[in-house]
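**Q** Protein chains in written order, with the working numbering: chain A, 1 to 137; chain B, 138 to 854.
Possibly wrong hints are sitting among the right ones.
In the DMTMM-like style, the derived pairs of lysine to aspartate or glutamate whose C-alpha atoms are separated by at most 20 Å in a straight line are [to be verified]: (1) A:LYS105 with B:GLU527; (2) A:LYS13 with B:ASP357; (3) B:LYS624 with B:GLU665; (4) B:LYS315 with A:GLU83; (5) A:LYS105 with B:GLU754; (6) A:LYS25 with B:ASP375; (7) B:LYS315 with A:GLU134; (8) A:LYS105 with B:GLU306; (9) B:LYS325 with A:ASP41; (10) B:LYS319 with A:ASP42; (11) A:LYS13 with A:ASP42; (12) B:LYS529 with A:ASP41; (13) A:LYS104 with B:ASP302; (14) A:LYS105 with B:ASP196; (15) B:LYS325 with B:GLU527; (16) B:LYS246 with B:ASP275; (17) A:LYS13 with B:GLU376; (18) B:LYS319 with A:GLU88; (19) B:LYS315 with A:GLU31; (20) B:LYS325 with A:ASP42.
Chain A regions said to be covered by chain B (calculated; three or more residues, Cβ under 8 Å) [said to hold, decoys possible]: (21) 46-60; (22) 98-111; (23) 115-122.
Chain B is nowhere near these chain A residues, computed Cβ spacing over 12 Å in every case [what the hints assert, rightly or not]: (24) GLU15; (25) THR19; (26) ASP81; (27) LYS82; (28) GLU83; (29) ASN130; (30) GLU134; (31) LYS136.
Worth flagging that the hints you see were computed from the coordinates, not collected in a lab. Since we're looking at a predicted model, the values are computed, not measured. By construction, the Cβ of each residue, glycine as well, lies at the ideal position given by its N, Cα and C atoms.
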Amino acid sequence: MVDGLQGNLIMSKSEYNITVNGETKSVVITEDKPLLYVIRDDFNLTGTKLGCGLEQCGSCAVLVDGNKVLSCNRPAVEFVDKEITTIEGIAKNDVLNEIQQSFKKFNAAQCGYCTSGIIVSLTDLFNKRNHLIEKKL
Amino acid sequence: MVNTIKLNTGASVKDYNKVSDWLSFETPDKILISSGKVDIGQHISTTLALISSRELEVDINSITVKKLNTDVTPNEGITASSLSVPNSGTAIRSASIIFKKSFLDYASKSLNLNKNNLKLDNGVVKDPDSNASMSYWDFSKTDEFLKLIIPENIEIFDQTNIDHDLHVETKFINSIVKGEYKFLHDLKFDDMLHARIIRPPSYSHKFLSIDDKVNKYLNDHNLELYIKNSFIAVLGVDEYEVIKSLNFLKNSIEWEQINKLANDKIFNLIDQNEKDSLVVKRGGEAFHEDVPEIKSFDDNYKTITTEFNKPYLMHGSIGPSASCSIYKNGKFEIYSHSQAIYALKSILTNAFNLNENNITLHFMPGAGCYGHNGADDVTYEAALLSKEFENKHVLLKWTREDENCWEPYGSASKNKLTATLDDKNRIIYWSSEAYSDTYLTRPMVNKLENFVSQRFLNNDFKKYKASPRTGAHMGIHRNLDPIYNFKETRLVKNLVHDLPLRTSALRTLGAFANTTATETFMDELSIEANIDPFEFRINHLDDERAIDLLNDLKMHMEKDNPLENSYRGIAFSRYKNSASYCAVGVELIVTDNVEIELQRAWITVDAGEIAFKEGIEAQVEGGFIQAASWSLYEQVDFDNNEILSKDWDNYKIIEFDNIPLIKTSVINRVGYPYLGVGEAVAGPTGASISNAIRRALGERIKTMPFSQESIKKQLLG
Chain A
1 MVDGLQGNLI MSKSEYNITV NGETKSVVIT EDKPLLYVIR DDFNLTGTKL
51 GCGLEQCGSC AVLVDGNKVL SCNRPAVEFV DKEITTIEGI AKNDVLNEIQ
101 QSFKKFNAAQ CGYCTSGIIV SLTDLFNKRN HLIEKKL
Chain B
138 MVNTIKLNTG ASVKDYNKVS DWLSFETPDK ILISSGKVDI GQHISTTLAL
188 ISSRELEVDI NSITVKKLNT DVTPNEGITA SSLSVPNSGT AIRSASIIFK
238 KSFLDYASKS LNLNKNNLKL DNGVVKDPDS NASMSYWDFS KTDEFLKLII
288 PENIEIFDQT NIDHDLHVET KFINSIVKGE YKFLHDLKFD DMLHARIIRP
338 PSYSHKFLSI DDKVNKYLND HNLELYIKNS FIAVLGVDEY EVIKSLNFLK
388 NSIEWEQINK LANDKIFNLI DQNEKDSLVV KRGGEAFHED VPEIKSFDDN
438 YKTITTEFNK PYLMHGSIGP SASCSIYKNG KFEIYSHSQA IYALKSILTN
488 AFNLNENNIT LHFMPGAGCY GHNGADDVTY EAALLSKEFE NKHVLLKWTR
538 EDENCWEPYG SASKNKLTAT LDDKNRIIYW SSEAYSDTYL TRPMVNKLEN
588 FVSQRFLNND FKKYKASPRT GAHMGIHRNL DPIYNFKETR LVKNLVHDLP
638 LRTSALRTLG AFANTTATET FMDELSIEAN IDPFEFRINH LDDERAIDLL
688 NDLKMHMEKD NPLENSYRGI AFSRYKNSAS YCAVGVELIV TDNVEIELQR
738 AWITVDAGEI AFKEGIEAQV EGGFIQAASW SLYEQVDFDN NEILSKDWDN
788 YKIIEFDNIP LIKTSVINRV GYPYLGVGEA VAGPTGASIS NAIRRALGER
838 IKTMPFSQES IKKQLLG
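Produce the complete structure using the sequences and hints provided.
**A** In structure tokens, the structure reads:
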């Protein structure tokens, strides 16, 4: 969090294992560095967007162990040993998931800046819906 | 039978009349289109490729729109005012027609075949006997191709048989859904510095001092600070370190407030402040003439008055503005998502005293925005910083707070209307006055003060006075001239000076307020006259396309039975009285707690001949959602000292739960010119929502936004 930061404090960097889209990397970061910047800088995956940095707009949504998480504020160190999936990892073997297919079918983007966040959020919602249906059956 | 129709090849062809200005042919099978219009999410790339593919009879996938940069693509001015398809689309269509015709002539001569027997297959003709062939790509290597000129008028083929309901995949959708589409924000260079601006609390705060402890912080965090007068930026290799430093640095700076932001409520200031008042005449031009008094009529006539107030609105782009620039060996290479790429090149050439060969601007997509937001400011700032940090790419991004507080807003405005009905319920007199700040402070050569940072760079805190524009349907008086055949009109444009917030072009400029004012008043008058709102409008129209439009909307709305407890409202306009026609119907429920729940919307649009139907639908439906958001939720809040709408919690916009089911009908006018469609829907949306609320409440809510809090306040007086 930017708010409440002790400006004169130098934070030391440490090494952490982070797993994004099945790839584990050892990253050297300060313990406050938000997940979003690790995804964009260290994994070079730029589909996840910075929109507000305040967990308000949803452009930075990713899945952590299948659940939606906003990545712009929460430190990456919270997600060591977790499976992080970004928009780039949603299609499996280059086959789009049902949400992506639907967005494509209806040309459902104008500029597309927030589209990654919407697709990730809907994927989370549909996964939960499918899980509920399975449970009912 | 194939009919031919005459087509004027349009404004862009006047400057670029060679076919090779617009089309180039790469092997194998690739055709490149050049356009000076930028793709800001309005699907212009797809529309242009589709237009060309139809005329050239090739698959749309073989056509690519060239990346826009100021060295190679035609300068078609600013991408604004719903002119992309009318200008660029018409030019590319004309170039494609001339190319194909000339190719067939050339091929027929070269292959010694009768032109009428030539069969074109994806850009290739073959002699069935000798198997000799000739292709577009062969022809493009000849001198004849380079000599091809587009005349002022050409003949086009009647395209009645095109199936516009066939799905066309938009150019970038596949990479967008996979997260692979690159935005300016995603640029990476090995030598790159990330930058942020340290903004003062308001427009008129002067830098006084900075705490010494900052130096240690900067050293420890590998950051650099740039200070010129009151313009301050922080730069570093690690983007997050730069972001993290902002709070600390802001808290280490002392500022002096030169002027208060505001000293009264905005609608009082609009009434009180000095104004330039101009008379607007039928046709939409404004004149510096004495403004006549409002005419009065005797008691045999019914005269009613109203007013409409709109707050400041922001562009609200989901991704804050960004730009990247490098200055190396005396040359700038700049990446920008501005709609005014070519204008920026001239301005920066002038501002940095350069030879124009030493600056190239590349368009790269940013987050969608229709109008003048921070894109131009950030480009100037990035260029300036890159000149100070030579030989490095500087990627400057605005923060969410920067975007919300420092962009130029759509002005707050007021409309005052008076109309008189005769005994046959015809409007015989119409007076309409618009009051607003300017909508036109886009950057210009020798007007660097239009960049928001200029005042801080020079410590120059004086307010520059805008001057009123007089051209037809310019900013404040856009769509002030009603499309109706009123016998007598009194139209007045008032440019109000010394208003508190920075303003410029926001989608539709003054047309959103003026159309909302006109169309809500028409509804009020139809209620007064006790006549159906469709019929009342049609009674005052001569324009057949406008009448067809309203009848089409009525037909579609009547197909759907009204939902229980819901109310409907309609409105329409022709944007600038020269672009697309658009009619909107909405159905909404006002809850017991006076919340507005949008249920359904119907839109009918006439954009001339259809170029890309799904593109038109996306533009009007997206425009509807934006205008519904303006109408129901949006308002820039500020106090005497600062802007308060710093983030999405403090600047409400529509959310998915209040987006209605939208049904759109597109009227196809084969052989008619393409009409710009990006802005047509906004005014009718605001008015139709207001009209439905009026019918629900029995009372007109005159000030936007029509939020629960605002409606309650207005109902209680």
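**Q** For each hint, tell me whether it holds in the structure or not.
**A** How the hints compare with the structure:
Between the alpha carbons of LYS105 (chain A) and GLU527 (chain B) the distance comes to roughly 46 Å, so the proposed pair goes past 20 Å and is violated. Between the alpha carbons of LYS13 (chain A) and ASP357 (chain B) the distance comes to roughly 13 Å, so the proposed pair stays at or under 20 Å and holds. As the CA atoms of LYS624 (chain B) and GLU665 (chain B) are separated by approximately 19 Å, the hinted pair is consistent with the 20 Å bound. For the hint pairing LYS315 (chain B) with GLU83 (chain A), the CA-to-CA distance comes to about 19 Å; that is within 20 Å, so the pair holds.
The suggested pairing of LYS105 (chain A) with GLU754 (chain B) holds, with an alpha-carbon distance near 15 Å, which does not exceed 20 Å. Under the criterion of a C-alpha separation no larger than 20 Å, the hint pairing LYS25 (chain A) with ASP375 (chain B) is consistent with the structure, at around 19 Å. As the CA atoms of LYS315 (chain B) and GLU134 (chain A) are separated by approximately 27 Å, the hinted pair breaks the 20 Å bound. Our distance criterion of 20 Å between C-alpha atoms is met by LYS105 (chain A) and GLU306 (chain B), whose separation comes to about 8 Å.
Under the criterion of a C-alpha separation no larger than 20 Å, the hint pairing LYS325 (chain B) with ASP41 (chain A) is consistent with the structure, at around 9 Å. Taken as a hint, the LYS319 (chain B) and ASP42 (chain A) pair is honoured in the structure, with Cα atoms around 17 Å apart against an allowance of 20 Å. For the suggested pair LYS13 (chain A) and ASP42 (chain A), the alpha carbons sit about 14 Å apart, so the restraint of at most 20 Å is met. For the hint pairing LYS529 (chain B) with ASP41 (chain A), the CA-to-CA distance comes to about 18 Å; that is within 20 Å, so the pair holds.
Restraint check for LYS104 (chain A) and ASP302 (chain B): satisfied, since their Cα atoms lie roughly 16 Å apart, inside the 20 Å limit. Restraint check: the Cα-Cα separation between LYS105 (chain A) and ASP196 (chain B) comes to about 19 Å, which is no more than 20 Å; the hinted pair holds. Restraint check: the Cα-Cα separation between LYS325 (chain B) and GLU527 (chain B) comes to about 17 Å, which is no more than 20 Å; the hinted pair holds. Distance restraint check for LYS246 (chain B) and ASP275 (chain B): the Cα-Cα separation of roughly 14 Å lies within the 20 Å cut-off, and the hinted pair is therefore satisfied.
Restraint check for LYS13 (chain A) and GLU376 (chain B): satisfied, since their Cα atoms lie roughly 15 Å apart, inside the 20 Å limit. Simply put, LYS319 (chain B) and GLU88 (chain A) have alpha-carbon atoms about 13 Å apart, close enough for the 20 Å limit, and the pair holds. Distance hint between LYS315 (chain B) and GLU31 (chain A) is unfulfilled; the C-alpha atoms sit about 30 Å from each other, more than 20 Å. The straight-line distance between the Cα atoms of LYS325 (chain B) and ASP42 (chain A) is roughly 12 Å, inside the 20 Å bound, and the hint therefore holds.
By the rule of at least three residues with a Cβ nearer than 8 Å to a Cβ of chain B, the coverage given for the segment 46-60 of chain A holds, with 12 such residues. With a cut-off of 8 Å between beta carbons, the segment 98-111 of chain A has 9 residues touching chain B; three or more are needed, and the interface restraint holds. Figure legend: the segment 115-122 of chain A, annotated as covered by chain B; annotation consistent (3 residues with Cβ-Cβ distances under 8 Å, at least 3 required). No beta-carbon of chain B is positioned within 12 Å of the beta-carbon of GLU15 (chain A); the least distance is around 16 Å.
Separation of THR19 (chain A) from chain B is adequate, the least Cβ-Cβ distance of about 18 Å exceeding the 12 Å criterion. At the 12 Å boundary, the C-beta of ASP81 (chain A) stays outside the reach of chain B, the nearest C-beta of that chain being 22 Å off. Consistency note on LYS82 (chain A): stated as away from chain B, and its beta-carbon is indeed over 12 Å from all of that chain's, at 19 Å minimum. Listed as a non-interface residue, GLU83 (chain A) keeps its Cβ farther than 12 Å from every Cβ of chain B; the least gap is roughly 17 Å.
No Cβ of chain B approaches the Cβ of ASN130 (chain A) within 12 Å, the least distance being about 20 Å, so the stated non-interface status holds. Distance to chain B confirms GLU134 (chain A) as a non-interface residue, since its nearest Cβ pair spans about 26 Å, more than 12 Å. Separation of LYS136 (chain A) from chain B is adequate, the least Cβ-Cβ distance of about 25 Å exceeding the 12 Å criterion.
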